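**Q** Spelled out, the chains give:
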Amino acid sequence: MMQNSQQQAYDRGITIFSPDGRLYQVEYAREAVKRGTAAVGIRTPEGVVLAADGRLRSELQVAESVEKIHKADDHLGVATAGHAADARRLVDMARRRAQVEKLRYGEAVDTETLTKAITDNIQEFTQTGGARPFGCALLIAGVDDGGEPRLFETDPSGTPYEWKAVAVGGNQREAQDRLEEGYDDLQTVDDGLRLAFEALAATADGDLTPEGMSAATIDAETATFEALERSEIGAHLDEHGLLDEGSESDEE
Amino acid sequence: MMQNSQQQAYDRGITIFSPDGRLYQVEYAREAVKRGTAAVGIRTPEGVVLAADGRLRSELQVAESVEKIHKADDHLGVATAGHAADARRLVDMARRRAQVEKLRYGEAVDTETLTKAITDNIQEFTQTGGARPFGCALLIAGVDDGGEPRLFETDPSGTPYEWKAVAVGGNQREAQDRLEEGYDDLQTVDDGLRLAFEALAATADGDLTPEGMSAATIDAETATFEALERSEIGAHLDEHGLLDEGSESDEE
Amino acid sequence: MMQNSQQQAYDRGITIFSPDGRLYQVEYAREAVKRGTAAVGIRTPEGVVLAADGRLRSELQVAESVEKIHKADDHLGVATAGHAADARRLVDMARRRAQVEKLRYGEAVDTETLTKAITDNIQEFTQTGGARPFGCALLIAGVDDGGEPRLFETDPSGTPYEWKAVAVGGNQREAQDRLEEGYDDLQTVDDGLRLAFEALAATADGDLTPEGMSAATIDAETATFEALERSEIGAHLDEHGLLDEGSESDEE
Amino acid sequence: MMQNSQQQAYDRGITIFSPDGRLYQVEYAREAVKRGTAAVGIRTPEGVVLAADGRLRSELQVAESVEKIHKADDHLGVATAGHAADARRLVDMARRRAQVEKLRYGEAVDTETLTKAITDNIQEFTQTGGARPFGCALLIAGVDDGGEPRLFETDPSGTPYEWKAVAVGGNQREAQDRLEEGYDDLQTVDDGLRLAFEALAATADGDLTPEGMSAATIDAETATFEALERSEIGAHLDEHGLLDEGSESDEE
Amino acid sequence: MMQNSQQQAYDRGITIFSPDGRLYQVEYAREAVKRGTAAVGIRTPEGVVLAADGRLRSELQVAESVEKIHKADDHLGVATAGHAADARRLVDMARRRAQVEKLRYGEAVDTETLTKAITDNIQEFTQTGGARPFGCALLIAGVDDGGEPRLFETDPSGTPYEWKAVAVGGNQREAQDRLEEGYDDLQTVDDGLRLAFEALAATADGDLTPEGMSAATIDAETATFEALERSEIGAHLDEHGLLDEGSESDEE
Amino acid sequence: MMQNSQQQAYDRGITIFSPDGRLYQVEYAREAVKRGTAAVGIRTPEGVVLAADGRLRSELQVAESVEKIHKADDHLGVATAGHAADARRLVDMARRRAQVEKLRYGEAVDTETLTKAITDNIQEFTQTGGARPFGCALLIAGVDDGGEPRLFETDPSGTPYEWKAVAVGGNQREAQDRLEEGYDDLQTVDDGLRLAFEALAATADGDLTPEGMSAATIDAETATFEALERSEIGAHLDEHGLLDEGSESDEE
Amino acid sequence: MMQNSQQQAYDRGITIFSPDGRLYQVEYAREAVKRGTAAVGIRTPEGVVLAADGRLRSELQVAESVEKIHKADDHLGVATAGHAADARRLVDMARRRAQVEKLRYGEAVDTETLTKAITDNIQEFTQTGGARPFGCALLIAGVDDGGEPRLFETDPSGTPYEWKAVAVGGNQREAQDRLEEGYDDLQTVDDGLRLAFEALAATADGDLTPEGMSAATIDAETATFEALERSEIGAHLDEHGLLDEGSESDEE
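Protein chains in written order, with our numbering: chain Z, 3 to 254; chain S, 3 to 254; chain C, 3 to 254; chain W, 3 to 254; chain H, 3 to 254; chain U, 3 to 254; chain F, 3 to 254.
To be clear, the hints were calculated from the coordinates, so they are not data collected in a lab.
Because the structure is a prediction, the values reported are computed rather than measured.
No false leads were mixed into what you were given.
Within a straight-line C-alpha distance of at most 25 angstroms, the following computed SDA-like cross-link-like pairs (lysine to any residue) qualify: (1) F:Lys36 to U:Arg57; (2) U:Lys73 to F:Asp147; (3) Z:Lys36 to U:Thr130; (4) C:Lys104 to C:Asp146; (5) F:Lys73 to F:Gly148; (6) U:Lys118 to Z:Gly214; (7) W:Lys166 to H:Glu231; (8) Z:Lys36 to U:Glu126; (9) S:Lys118 to C:Ala65; (10) F:Lys36 to U:Glu61; (11) F:Lys104 to F:Glu223; (12) U:Lys118 to Z:Ala229; (13) Z:Lys118 to S:Ser67; (14) H:Lys166 to H:Glu176; (15) W:Lys166 to H:Ser67; (16) F:Lys118 to U:Asn123; (17) C:Lys118 to C:Arg97; (18) C:Lys73 to S:Glu150; (19) C:Lys118 to W:Met95; (20) S:Lys166 to C:Glu69; (21) U:Lys73 to U:Asp193; (22) S:Lys36 to C:Ser60; (23) Z:Lys73 to U:Asp146; (24) S:Lys73 to Z:Asp112; (25) F:Lys73 to H:Asp147; (26) S:Lys166 to C:Ala65; (27) H:Lys36 to F:Glu61.
Using the sequences and the hints, build the whole thing.
**A** What follows is the structure, given as structure tokens:
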């Protein structure tokens with residue numbers, strides 16, 4: 003990024019425009035997303051896949067606690083990248099919103115409606131003073147009424163994007179390249195999981211270990227979110243030759 | 003733009019006047035509009051045309067999600083340029099306003115009333131502290147009671163402008179020049195669509211691809227907003243020789 | 003204007019006094035008025051005249067939309083100069099105020115009362131923090147109960163001035179000089195219109211074109227605001243030899 | 003005034019103390035008072051006199067609109083100097099206060115009570131953040147219950163002063179000197195008017211013209227505020243040889 | 003006072019601590035007290051005495067209006083020094099408080115309770131943002147239930163001090179020295195008045211004039227506040243040889 | 003830490019992003035945690051162990067008052083590190099929350115729910131203006147319904163982490179290393195206490211003294227928080243050879 | 003203290019963290035405590051002792067008014083050091099809190115509960131913007147239900163400390179050293195008073211005078227706060243040879 007004194011004048015205090023029409027605080031929040039580990043989402047005809055890498059601060063950390071994939075409703079999952087505490091706040095908001103909609107309208111919220119409620123909120127933090135933008139990106143995956151799989155990204159500016167397959171977080175470019183190469187042949191959720199792990203492997207220096215990873219699927223037919231057990235993740239990595247030899251697969 | 007230390011004194015913090023009576027934050031918000039892709043609106047005797055170009059961040063992005071044209075009511079459409087998240091907030095406001103007016107007065111809001119409600123709100127963000135201006139422009143098109151086609155622009159200062167044909171966003175000058183050359187002969191909505199695509203082509207380096215584009219019409223007789231299918235857009239581009247040869251017209 | 007570092011210390015943030023007792027933000031707001039096109043108001047025994055020049059950003063702009071003269075009530079008109087979005091906000095306030103007074107007291111608001119309500123509001127924005135002054139001037143013209151024509155100016159400090167004839171906006175000095183030379187002989191509203199157009203012509207480099215112009219009268223007898231058709235304006239300009247030869251008088 | 007960088011540190015943002023215990027924003031507001039034209043008040047056994055000079059921005063300005071003397075209640079008048087819009091706000095406050103007291107207690111407010119209500123408000127603006135001080139001085143004249151004439155000044159710090167005779171505004175020193183020389187012989191209201199005009203003349207470069215001037219008296223016996231007609235002012239000036247020969251005394 | 007750039011860092015904006023634990027805004031407010039004229043209070047077995055000097059801005063000022071001694075309740079008086087408008091605000095608070103206590107508890111507020119209510123309020127202005135400290139000191143004198151004379155000082159930090167005899171304001175040191183020399187022999191209120199005038203004389207360059215002075219006593223037996231007539235003050239000054247020969251003792 | 007002028011631009015005022023996506027105020031709050039003494043938590047099959055070191059400011063300080071371990075509910079304990087006053091505020095919040103949940107749902111709050119309520123609050127202080135982050139870390143230990151021992155850490159960003167064993171505070175790295183070496187063999191709560199004291203010893207320069215230390219256990223079977231007596235702590239230290247010879251073990 | 007430009011960046015405006023995790027405004031508030039005179043508290047088996055030194059600004063000041071020891075409830079006393087006005091505000095809070103608890107729960111508040119209510123409030127002022135920390139320390143002494151003497155200190159960060167004996171304020175180190183030397187032999191309240199005076203003497207340059215001093219005891223058996231008469235203080239000082247020969251022991 004460019005770093006001169008001219009720029010400094012526009013990136014402090016509240017979020018304001020620079021002379022060339024940029025919002026630096028939003029761009030810096032995007033850098034916060036890149037500082038985290040990667041997360042990917044893939045839409046297949048059979049359902050949506052979410053997968054994410056995480057970093058353990060010590061071997062004594064409970065791997066499950068590095069949760070980067072969250073169930074937001076029976077038919078909705080969210081993967082996160084970037085500033086973890088900010089992401090948790092948005093995931094909470096997603097859950098509450100899903101519940102409220104269900105209570106109010108008697109039916110499950112659809113993926114796009116939920117996404118836009120979240121991005122409305124994110125945008126507000128970039129325009130009204132007294133707060134900083136959210137330093138995280140969410141991948142919101144769901145299966146809507148009628149069995150349609152959907153996959154959205156929310157970025158720190160508050161813009162929603164819809165994707166067939168997308169990566170966010172650290173080394174995003176490498177993962178997205180892998181997704182673009184491999185997406186065409188996808189048919190099954192299992193295909194999606196394999197491609198997701200390959201994309202995450204592209205963001206890591208060596209092979210992957212299952213300890214910090216998490217993955218989930220939302221089946222198109224049942225419209226049900228299901229998180230993979232860590233052993234299942236290990237089996238997938240093993241099957242596709244992505245397992246780091248030195249990893250402790252016998253971890254709790 | 004001029005860029006000296008004198009200027010810097012007046013473009014930070016809240017929106018205040020410079021010694022020569024300018025509001026720099028508003029002018030920078032206009033730069034944000036120019037950073038986006040172009041959108042055009044054209045008023046014809048038969049109805050109003052909106053068309054906009056968009057950028058896909060990857061071939062895996064769902065093209066429909068780069069929506070730059072939105073239906074605000076049966077008889078009202080909005081095209082946007084500039085900071086996407088800001089634009090969405092204003093589009094939401096337009097929709098809610100249209101609904102409220104209909105409920106309150108039992109009839110559809112007319113295009114000018116709606117436009118001015120939006121620009122009132124935009125202006126407020128340029129005068130009262132604690133927030134930045136909106137970094138986007140809207141083209142608000144409608145067919146009012148009696149079949150009159152109308153076309154308005156809202157700019158970041160909160161000023162409404164009415165147009166026969168107008169372009170906003172990146173390379174606006176090139177597109178507006180094309181509109182001025184071609185406007186006189188317009189009779190039909192189809193004429194309008196052709197001129198709109200030609201104007202957008204003038205803002206792009208080469209030919210256009212239908213993937214990132216969107217277009218809609220509001221027919222004067224039926225007063226009904228209709229978005230064009232991407233295939234229809236492709237057909238138009240093809241017919242008028244504006245299609246980029248390398249484009250993947252068989253996309254999804 | 004003087005431009006040294008001494009001055010800079012007092013013209014930022016909220017509106018505060020400089021060591022010599024000036025309010026720079028208010029003075030800069032006056033500069034914003036001068037950046038706009040001119041407007042003039044003339045009081046004659048037969049009624050009040052308002053006229054204003056406007057700039058079209060393109061030949062495709064709908065000339066009527068550059069409205070610089072607004073009806074505030076049956077007997078009240080407002081011409082504006084300066085930052086257009088700010089002016090619209092004050093015009094809205096004038097309209098609402100006129101309605102409220104009529105509802106509350108069962109009779110039309112008189113011109114001076116309305117003017118002072120507006121200037122009270124303008125003053126507040128120059129003293130209380132969290133906002134900038136209004137960057138516009140209004141000419142408020144009316145015929146009060148008993149047929150008395152009145153003409154007021156509001157300036158960015160929130161001071162009301164009453165005039166026989168006055169010009170505001172760009173090249174104000176040239177227009178005011180013309181008004182001072184020509185005011186003595188005025189008897190009819192038509193005399194007023196001619197002088198108004200002459201004053202505006204003094205602010206323009208060459209002759210005038212009717213496209214960006216607007217004018218209105220408030221007759222003393224009927225106490226009724228009437229806007230001139232663009233063709234009437236063209237006829238006036240033609241009659242008085244003020245018409246720019248190159249202008250497209252056949253404009254819609 | 004002294005003008006060094008040491009001082010600058012204490013006169014920005016909210017009103018705070020300088021190391022030597024001064025409030026610069028209040029002192030600058032006093033400078034704003036001196037930037038205006040002068041006003042004088044004189045207490046005589048027969049009643050109180052107010053007179054003020056004003057500047058016309060053009061011969062087309064309605065002289066009455068440069069009103070620097072206002073009736074606040076039947077028995078109360080206010081003359082103002084300094085920032086006109088600020089002064090109007092305080093005059094409004096005085097009027098409302100007088101009405102409220104009358105409604106609440108069934109009798110006219112006395113001059114001192116009213117003055118202190120105004121100065122309380124002025125003081126608040128010098129201590130609490132978020133606003134600047136008032137840049138004006140008021141002379142509040144009244145005849146209280148029992149026929150006692152009173153004359154008060156409010157200054158920008160919010161301090162009330164009572165006077166036998168006082169001048170405020172531009173060239174205040176020259177006017178006050180004249181008042182001190184001439185006060186001893188005063189018996190009648192007419193004596194007061196003459197001295198008032200002489201004091202104003204001392205602040206002007208040459209003789210006076212009645213156009214920008216205003217004057218009023220509050221008779222001790224009737225306790226009634228009466229503004230002088232401009233022709234009466236002209237007659238007074240003429241009688242006392244204060245009339246500028248070049249003045250247009252036949253002005254409407 | 004020391005005046006270096008190190009210090010400047012801690013005395014702006016809200017009231018905060020300097021590295022050596024000082025509150026500069028409070029210290030500067032104490033300087034504001036010293037900028038005013040002096041006031042003294044003296045407690046004698048027979049009652050409390052208050053006396054204060056004032057400055058007339060012109061011989062035409064009504065001397066009574068430079069009131070530096072105020073009755074707060076039948077048994078309570080307040081003398082002030084420093085920023086006059088701030089002092090008035092606190093005196094008002096004292097009066098209201100005395101009334102409220104009487105209404106609520108059916109008996110007169112005692113001097114210490116009243117003093118502490120005032121200092122609580124003063125302290126708040128030194129700790130909570132958005133306002134500056136009060137630039138004045140009060141001497142609160144009273145005779146409490148049982149005939150006990152009390153004398154308190156409030157300083158700009160919000161600390162109450164109780165005194166046998168104290169001076170505040172300009173040249174405070176000289177006055178306090180005189181009080182310390184002369185206090186021991188005091189028996190009567192008249193003794194107190196003499197010492198008070200001597201202390202004030204020590205703060206003035208030459209002899210005193212009665213015009214700007216004020217004095218009051220609160221008798222221990224009757225617990226009643228009584229202000230001295232200006233003629234009584236003159237008589238006292240004359241009797242004790244403190245009268246300035248050039249003073250106009252026949253002043254109204 | 004790096005310390006250049008580039009960095010300074012982003013770590014003042016409210017918490018905002020630096021160009022590389024970091025939140026400096028949060029990172030500095032983490033430094034505040036490291037300035038304190040260490041605390042450790044260890045999860046064993048038999049229950050959870052908390053232990054913490056403290057510093058006595060003088061031998062006359064009551065050692066119990068340096069409480070770094072708090073009971074939050076019958077089944078919940080909290081150890082703290084960092085800015086003590088901030089930590090107390092969060093511990094109070096934990097206690098109130100545990101009570102509220104019990105009242106509302108009729109059952110004890112589980113450890114994870116409580117932890118996330120705390121971290122939600124911590125996050126808010128890092129995003130919304132007007133406050134600084136919390137400069138402390140908490141270890142929240144509990145035994146949930148069904149006898150499951152849980153151990154969480156809250157960090158100044160508002161992120162919750164779950165651990166088998168963890169150290170926070172000064173010399174955290176040394177303590178965590180010891181935990182990683184010794185964790186595998188743990189079976190009993192007593193094993194946990196020994197490892198906890200060894201980890202704390204690794205953060206201290208020499209041997210430990212029981213005076214500033216505190217420890218507690220939450221038994222898995224009884225789900226009951228129990229604080230160790232200082233004599234028990236001394237016995238443990240003695241038994242494991244961690245006792246500082248010079249310590250006053252006969253301390254009250 | 004260190005004083006470089008690096009530090010200055012973190013100690014202004016609201017209270018924020020420095021890069022090494024310090025809160026400078028809190029540290030400066032501790033300097034404010036050291037600027038005041040000393041106070042000591044001592045816990046003995048027979049009760050708690052409080053003693054404090056004060057400075058008289060003049061021999062005419064009423065010594066009792068320099069009150070540094072306050073009764074908060076029958077069984078509770080508070081000694082203060084540092085910024086006097088801040089301390090008074092906290093003492094008021096302590097008194098109100100003690101009353102409220104008694105009303106609400108029908109029994110006397112215990113010393114620790116009261117202390118923590120105060121420190122909660124102090125902490126809030128160090129974290130939430132818009133105010134500065136309290137520049138004072140309190141010693142809160144009480145005898146709780148069952149006759150247990152307790153002694154707490156509150157510091158400007160909002161941390162409570164419990165002590166056997168402690169000194170705060172100017173020359174705290176010298177006083178604390180004396181307390182540590184002499185504490186072991188203490189049995190009676192009289193022993194405590196002697197040690198307290200010795201500790202205060204260690205903070206003063208020469209011997210002590212009773213005029214500015216205050217002392218109080220809270221007897222363990224009766225749980226009753228009793229302030230010492232100044233003559234009792236003098237007798238103690240005399241008895242222990244701490245009396246300054248030049249002191250005026252016959253002072254009222």
